[in-house]
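Engineer: Using the hints, position chain F against chain E.
Line by line, the protein sequences are chains E and F.
With UniProt numbering, letter number 418 in the first sequence gets 418, and the count goes up by one each step, no holes.
With UniProt numbering, letter number 136 in the second sequence gets 136, and the count goes up by one each step, no holes.
Keep in mind that the hints are not guaranteed to be accurate.
Copies of the same chain look alike in the list, so a pair counts if it works inside one copy or between any two.
[What the hints assert, rightly or not] Think about it this way: if two alpha-carbon atoms lie no more than 16 Å apart in a straight line, the pair counts; the simulated EDC-like pairs of lysine to aspartate or glutamate are:
#: 1; residue 1: K52; residue 2: D15
#: 2; residue 1: K409; residue 2: E314
#: 3; residue 1: K409; residue 2: E427
#: 4; residue 1: K236; residue 2: E293
To be clear, the hints were calculated from the coordinates, so they are not data collected in a lab.
There are 2 protein chains.
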Amino acid sequence: MWNSVCEAISAQLGDDRIVKPEDAEGRLLSVTGEAMPPVPILRPRDTEELAKALGICSVHKTPVIPMGGSTGLVGGLRHTGKELYLSLELMNRIESIDPVNRVATVQAGVILQNLHQAAEDVGLLFPVDLGARGSATIGGLISTNAGGEKAFRFGMMRDQVLGLEVVTASGQILDLSNSMIKNNAGYDLKHLFIGAEGTLGIVTRVQLRLRPQLPNVHTAFALISDFSAALELRSKVETALGNDLTAFEVMWPEVYEMTTRHRSGRLPLPVANGIYLLFESEAGTARDPEAFENAMVALYEDGLVEDMAIAASEADRQDMWAIRNDIEAIIRTMSPLLAFDVSLPVSSMESYVNTLNDELTAKWPEARFARFGHMGDNNLHIVVTIGQDTMLRKDEISAIVYEHVIAMKGCISAEHGIGMDKLPWFEMGKTSSAIALMQTIRTALDPNNILNPGKTIGAVG
Amino acid sequence: MWNSVCEAISAQLGDDRIVKPEDAEGRLLSVTGEAMPPVPILRPRDTEELAKALGICSVHKTPVIPMGGSTGLVGGLRHTGKELYLSLELMNRIESIDPVNRVATVQAGVILQNLHQAAEDVGLLFPVDLGARGSATIGGLISTNAGGEKAFRFGMMRDQVLGLEVVTASGQILDLSNSMIKNNAGYDLKHLFIGAEGTLGIVTRVQLRLRPQLPNVHTAFALISDFSAALELRSKVETALGNDLTAFEVMWPEVYEMTTRHRSGRLPLPVANGIYLLFESEAGTARDPEAFENAMVALYEDGLVEDMAIAASEADRQDMWAIRNDIEAIIRTMSPLLAFDVSLPVSSMESYVNTLNDELTAKWPEARFARFGHMGDNNLHIVVTIGQDTMLRKDEISAIVYEHVIAMKGCISAEHGIGMDKLPWFEMGKTSSAIALMQTIRTALDPNNILNPGKTIGAVG
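Only chain E is shown next, with the shape it has when bound in the complex:
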């Protein structure tokens, strides 16, 4: 099925640009754990090679599925057996780090952690961070507009991108390079390609904004009685810390219990039936190191907080974040499970969580939950299990989860994207005119429907 297109590509680019299915075995599992038969992987060495290859795919009408670090969570790598995978793993060069103008120019295959390191080496910061930093690629992060815990302070991936280079479906190189923070000369086309999950073009090179490092880092873990206290606390913490607040995370009690159950050593806070908040401040050197602790003591004395731990060392801090990020512990305890990534007005989060609890346990008394997220930017992660039938009931459970999100004016995908998994729910909360415009744009940019067909906004036409 792939013979003619692969031969044409090999003839143009050389034999080693295609990994054969038999050699690709073991590389093609998505993290959702589905086994999929391998398909060939196209690995261009540079933008020009990719342009040629996409031109050939366009003529052959062979669809292409772009892959980044394969760390996506919405089935973006699912294939129908007809597609080629496209990996930019050979295009992994950090081309330049400009410390004066604070711009990194990198190829799309660069791994996030390598960019973090390169920025750090010149005393700068690239502020998007997430658990998959060791494998997620810049191209994948841009195509999914990745978020993470600092989005409410520094923005999502979209907000770091100054300019980019894209190869379109027909194999045309579209140069939208820019290193300026302010550029109002015509339509800002880059935004079309950010968060489009590779359906409108393949991002190949990018200029990213870097920031000054913030050496003065302080972290606290607080236990409060209920969610309404979390809203009050957020206001007070922001009034005190202002711009320096860079993370504001929430965990319901079951999550703290699960992620600390098998921990050795002292826990920062006791296991209790309250809401856990983890927040962090990052400031310049002019910040009095004791200002954070003083602000925390004032909050404690206010009586809003039941208990509080302040990280006294970097090891303490790492330990707190390890509890927040121990998704493995949740998976171990709850599997089989369904994981949801939604956004909600913070004022509705509590009633949402309660509604979900009531409806799901009424239907499946054995239903259990893990609820946590980036409260600072509306983002809630919800894990649900009803025991052995969980996967069988996926559609019913998803319908309940998403219906209430839409009713409360939230969004069914906060930071993970649509991929394949969320396609059945994609139209919820959207007007038909908005969907029609998305389809118009997709058809204009990919008339042969070869870029990730059937994903993100579904089938077109």
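Structural biologist: Below, chain F alone, put in the same frame as chain E:
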């Protein structure tokens, strides 16, 4: 010429929705000072009325020029005598301010200062600010993606917009409402309409992100020997102040001289032949009030700064900003003049300014300059006069100004947009494929070419 379209609109919406040309006299001067014969002004009362009116304009193929507060600087209101103006001045309602979720929902005709006030009333901040705040409208600010001095900290207008409602050229209402910071469900269509100067649709309603207020404000004015010291100072100030640095402005000596020449009372700094920097820090309450002053004293003791003034009161602070913002003084001193708004890598600003000086004075020995801008976000404003011939030589002077901007990888419009004035230079620094994609999008969204035809990206097709 307008009779049939105006009659059709009046028949549908009522007589008072069109201001006749004879009644519009005196309202239609752009700030660039050109006198233009009046044209009728369409003033819908709500989105539905606008949709009906645009539908009628579309059928009649009558072009429409959207106007905001008429404070634009690039000739966006220039007409050919065939268009209708479209004003949303009757759609000026602040529909809601949600203090918990920090979202303002406003109609596009709301004046910026009114939004500032409404946010302040609930203890919140809307961070985009500029001199025209008393007349610029939210719709105009979105359509031009306005910047201002705090863009490097809080972003431009684009970065404040969570969701919006647009009426398309055909009179369709496109509802892209959203109040979530994180929303990754499909293409983020709102970005198409932000900064498009009304050529792709008319923004009618918008959800804007509000921020916590930062009560701890400190301001300093520094005099340094040369621009290379400014780069060093920026690094040191950011290391000290971190996230709290919200403005970093630069003025060359001629600007300080012009804007202080007729000031009574003591000046914050002497008139000298150096570079003037104005910067501001806004912090939460946990910031030690003396931290700013201590950081400034440390800079001074470093020897990097020739002289420095720290605002000791709000009156001092207002005084410093009045010097920075006294554009009137520049206009009085230099007219006739040409004003340019460009962006440049900070590392190239000095050599850019020198090159410009050399080339222009070689050609016109009487050439004089005023150079200032938002150094923190690459944005330089350059005012040029060569005396009485200035307007006659506009194209030659502009060519020199823009050629070097492009050669140094800057941008010909940092924050003012393209409008009509910058159209001849629009293609500089852009690839033909990028321009073609802009035209494809414009044609797809406005097939009859009735929205601001001939502006922003020029004639299509």
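Engineer: Each hint: holds or not?
Structural biologist: Here is how each hint holds up against the structure:
Taking the shortest alpha-carbon separations for K52 and D15, only the intra-copy value of 14 Å comes in at or below 16 Å, while the best inter-copy value is 60 Å. For the identical chains of this complex, K409 and E314 are neighbours neither inside a copy (39 Å) nor across copies (41 Å), given an alpha-carbon limit of 16 Å. For the identical chains of this complex, K409 and E427 are intra-copy neighbours only, at 14 Å inside a copy versus 41 Å across copies, given an alpha-carbon limit of 16 Å. Only within a single protomer do K236 and E293 lie at most 16 Å apart by alpha-carbon distance; the minimum there is 14 Å, versus 25 Å between protomers.
Of the numbered hints given earlier, the model fails hint 2 alone.
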